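Novice: So the chains spell out like this:
Protein chains: 2
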Amino acid sequence: MIRIKNARVMTMVNGTEILNGEVWTDGDKIAFVGTPTDEQLKTAVFEREIDAAGGVVMPSFKNAHTHSAMTFLRSYADDLPLQEWLFDKIFPMEAKLTGEHIYWLSKLAILEYLTSGMTASFDMYFEPEAYVKANIESGFRTVLCGSVSGEASNIERLKGYMKQFNGISPLISYRLGFHAEYTASYELMEALGELSRETGLPVSTHISETEKEVRECVEKYGKTPAELFDSLGIYDNGGAGFHCVHLTEHDMEIFRDRGVYAVTCPGSNAKLASGIAPLCRFREMGIPIGVGTDGPSSNNCLDMFREMFLVTALAKLREKDAAAFPAADVLEAATAGSARAMGLDDCDVLAEGKQADIIIIDLMQPNMQPLNSIAENIVYSGSKQNVALTMCAGKVLYERGSFFINEDADRIYAKANEIINSMR
Amino acid sequence: MIRIKNARVMTMVNGTEILNGEVWTDGDKIAFVGTPTDEQLKTAVFEREIDAAGGVVMPSFKNAHTHSAMTFLRSYADDLPLQEWLFDKIFPMEAKLTGEHIYWLSKLAILEYLTSGMTASFDMYFEPEAYVKANIESGFRTVLCGSVSGEASNIERLKGYMKQFNGISPLISYRLGFHAEYTASYELMEALGELSRETGLPVSTHISETEKEVRECVEKYGKTPAELFDSLGIYDNGGAGFHCVHLTEHDMEIFRDRGVYAVTCPGSNAKLASGIAPLCRFREMGIPIGVGTDGPSSNNCLDMFREMFLVTALAKLREKDAAAFPAADVLEAATAGSARAMGLDDCDVLAEGKQADIIIIDLMQPNMQPLNSIAENIVYSGSKQNVALTMCAGKVLYERGSFFINEDADRIYAKANEIINSMR
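Protein chains in written order, with numbering that gives the first Met the number 0: chain A, 0 to 423; chain B, 0 to 423.
Keep in mind the hints are simulated off the structure, nothing from the lab. Be a bit skeptical, because a hint or two may be false.
In this list, chains with the same sequence are indistinguishable; a pair is considered to hold if it fits within one copy or across any two.
[Unchecked claim] Pairs of lysine to any residue residues, derived as SDA-like cross-links and limited to a Cα-Cα distance of at most 20 Å, are as follows:
| hint | residue 1 | residue 2 |
| --- | --- | --- |
| 1 | Lys-88 | Met-422 |
| 2 | Lys-414 | Leu-370 |
| 3 | Lys-319 | Phe-86 |
| 4 | Lys-319 | Glu-83 |
| 5 | Lys-211 | Asp-320 |
| 6 | Lys-414 | Asp-361 |
| 7 | Lys-219 | Tyr-181 |
| 8 | Lys-222 | Asp-25 |
| 9 | Lys-88 | Asp-78 |
| 10 | Lys-4 | Gly-20 |
| 11 | Lys-319 | Leu-81 |
| 12 | Lys-319 | Ala-76 |
| 13 | Lys-95 | Asn-416 |
| 14 | Lys-28 | Val-217 |
| 15 | Lys-132 | Asn-165 |
| 16 | Lys-95 | Leu-370 |
| 17 | Lys-88 | Asp-320 |
| 18 | Lys-41 | Leu-79 |
| 19 | Lys-88 | Lys-211 |
| 20 | Lys-222 | Lys-319 |
| 21 | Lys-132 | Gly-159 |
| 22 | Lys-132 | Arg-156 |
Values in this document were obtained by computation on a predicted structure and should not be read as measured data.
From just these sequences and the hints, can you work out the full model?
Specialist: This is how it looks when you write it as structure tokens:
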């Protein structure tokens, strides 16, 4: 067992309430949360004791939407609108990617996730074999989201991946999904709805990221993307919608009625000038919310602290209301909300029997002082510099600037530069 | 002399161009920038050699608007609109502040500035003696901005401070200024215009931060704040306007014609739901731009990396244009632009004879890889975790997580908590 002591424990079971106490882990699970009795301490056998030094111990952040291996295109094509960025700059470079590339580029993203206290990503990209290998080797948790596009026959590939990857490792799961309405044939989307009904599984996809996407969908089908998906049964078992910047009121009713998670990516939506998602309205309607970084080519960083500030700051600007989307709601969305959007219901909060996906936040840094409100300090003032430790499935993968992912960080940096330089 | 070697030098003299080379400092000044000859290296005597390890050496960031000592109110009254936040929560607590409080609370802010690569602040607050003492002891550079308000007779206090603090230390300067139109009598503003004409000095103040402020000024005077100030001669010698969220086209013409700096504080303006300043229009019109964090009660952190991302991200959202306000312009505004807005023309870029206000950015971290564009990596993906070293006036004040400001950081944290707890 590992003992984390001398901690302010924010379990997220009762919102952002703080308990002074300890968290113990056993294997990949949480074994104890609270203040141990002398008897408990006498009988417990610890392989390691970690002194949190009065820091916050809380559930790790989960990245509910990303394209990890796009690290190679960070700062490669900035300051362009989405459609030009995607079709002229990104797709041609992605066509050159091999599995070997994806393997190294994913490891680079995993390093960055860990520095920001993230222990899981909901990832949509090519070459899942290479990506899965990178994650298992690193000890990082990932949920792969189906990214099929084009013709209906591609659904067979998706079915193959579902069989291939679910069960391969406790760290890996694969969920039904497709890229987006604007890259999928009607027949493919029909087949996805059918598959969801057959299997009872949720379906996740990009949705209503730009005005153009919604307008063209309405022109083509006479329906918004959410209406189209719902008419095909795609949301019959829930799922997650990535971006959700331009949902209509009717779209939101569909999300609410079907229990679809709205995954917001404010950094990417701002940088690509796509707009600000109506998060306050989502919350009013009872739509569950998760937070994602999107890929490192559109963001450009993979930093949940930046995203958390943007979630609330952009909501305040959009609603012209400084009280909009307060800190506690942001923390809920970035931890439990994101976890549940990914199907990681056992990684959502700190409680006995849950997965030991835990971070320690160092409060003895100037941006965290004084301690007027710890939750507000984390959301409004926090930085990845405050992440003292990141643990995934009971294993410490990052601690005070050092990585423990079975690979040298400098080697990963060298590989990433080699890959992009070979493509120019 | 101090030698910083093995560096990518971004001087900001020619934009964000990178030179491989060295920077040498002698006392508080830069003695050399470039690639030294063998002869130069043979004759130079270095007290210290710093290996930048391939990192970026660039001008430090300057914080062109803040209220440093408001650290005690960080996370004290979040999620409130500006007027309620200011009049109901902030002013009553500020009334309890003593000089001793200001001294410790300012030191807390200085620690935070250093972690984010800032070496100077344009500060507006009470009790300048205590604040000046904290800055001189810490080795931090500060420009105090007059913060008088109320009756015309208060101008005498401003004149006294100008005499008292200008010349007290090479690190300290004091500039004419007042709090804002809405806290000043007409007679005080008249007296400020007169003082500016007499002395030939610029005047700085809060301006057009909220719609309410502008509307009420127009109701009262039949003029916007900028029109009012200009009619009184306040901008005859330039100055800086803090916030500038709701400037009209005519206001912008005044700023351009008078050479007034627009200092933007996007984090604070977003968190208080004040709006997004029209930075692209400022740039089109040739209005010079600086960047500030505003105080830690409204932001809540003092992090130039967050501000830089917000400068460009909010401009992109406002203009619905992903090409708006590119990375190079953001870096220019946060370094040279801010420095010049504060009258620190000798701290703007890296060149022989300039002040040695320098930072080293560590590129060997996952958020900075691969090296497609270093300037874009810094603005879009950078974090204060990348700040390896912060040097002010030739002295290293922060290096890899440790502070060298003649005071123990933990003691400062304890004092800050003690102060706020004594006031509740």
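Novice: Hints first: check each against the structure and report whether it holds.
Specialist: Do the hints match the structure? See the list:
no.: 1; hint: Lys-88 <-> Met-422; verdict: within (12 Å within a copy, 56 Å between copies)
no.: 2; hint: Lys-414 <-> Leu-370; verdict: between (42 Å within a copy, 12 Å between copies)
no.: 3; hint: Lys-319 <-> Phe-86; verdict: between (34 Å within a copy, 19 Å between copies)
no.: 4; hint: Lys-319 <-> Glu-83; verdict: between (31 Å within a copy, 14 Å between copies)
no.: 5; hint: Lys-211 <-> Asp-320; verdict: between (28 Å within a copy, 14 Å between copies)
no.: 6; hint: Lys-414 <-> Asp-361; verdict: between (32 Å within a copy, 18 Å between copies)
no.: 7; hint: Lys-219 <-> Tyr-181; verdict: within (10 Å within a copy, 54 Å between copies)
no.: 8; hint: Lys-222 <-> Asp-25; verdict: neither (50 Å within a copy, 68 Å between copies)
no.: 9; hint: Lys-88 <-> Asp-78; verdict: within (12 Å within a copy, 40 Å between copies)
no.: 10; hint: Lys-4 <-> Gly-20; verdict: within (7 Å within a copy, 47 Å between copies)
no.: 11; hint: Lys-319 <-> Leu-81; verdict: between (26 Å within a copy, 11 Å between copies)
no.: 12; hint: Lys-319 <-> Ala-76; verdict: between (32 Å within a copy, 18 Å between copies)
no.: 13; hint: Lys-95 <-> Asn-416; verdict: within (15 Å within a copy, 55 Å between copies)
no.: 14; hint: Lys-28 <-> Val-217; verdict: neither (47 Å within a copy, 63 Å between copies)
no.: 15; hint: Lys-132 <-> Asn-165; verdict: within (14 Å within a copy, 63 Å between copies)
no.: 16; hint: Lys-95 <-> Leu-370; verdict: between (50 Å within a copy, 19 Å between copies)
no.: 17; hint: Lys-88 <-> Asp-320; verdict: between (37 Å within a copy, 17 Å between copies)
no.: 18; hint: Lys-41 <-> Leu-79; verdict: neither (61 Å within a copy, 48 Å between copies)
no.: 19; hint: Lys-88 <-> Lys-211; verdict: within (19 Å within a copy, 44 Å between copies)
no.: 20; hint: Lys-222 <-> Lys-319; verdict: neither (30 Å within a copy, 25 Å between copies)
no.: 21; hint: Lys-132 <-> Gly-159; verdict: within (17 Å within a copy, 69 Å between copies)
no.: 22; hint: Lys-132 <-> Arg-156; verdict: within (19 Å within a copy, 69 Å between copies)
Checked against the numbered hints given earlier, this structure breaks hints 8, 14, 18, 20; the rest are met.
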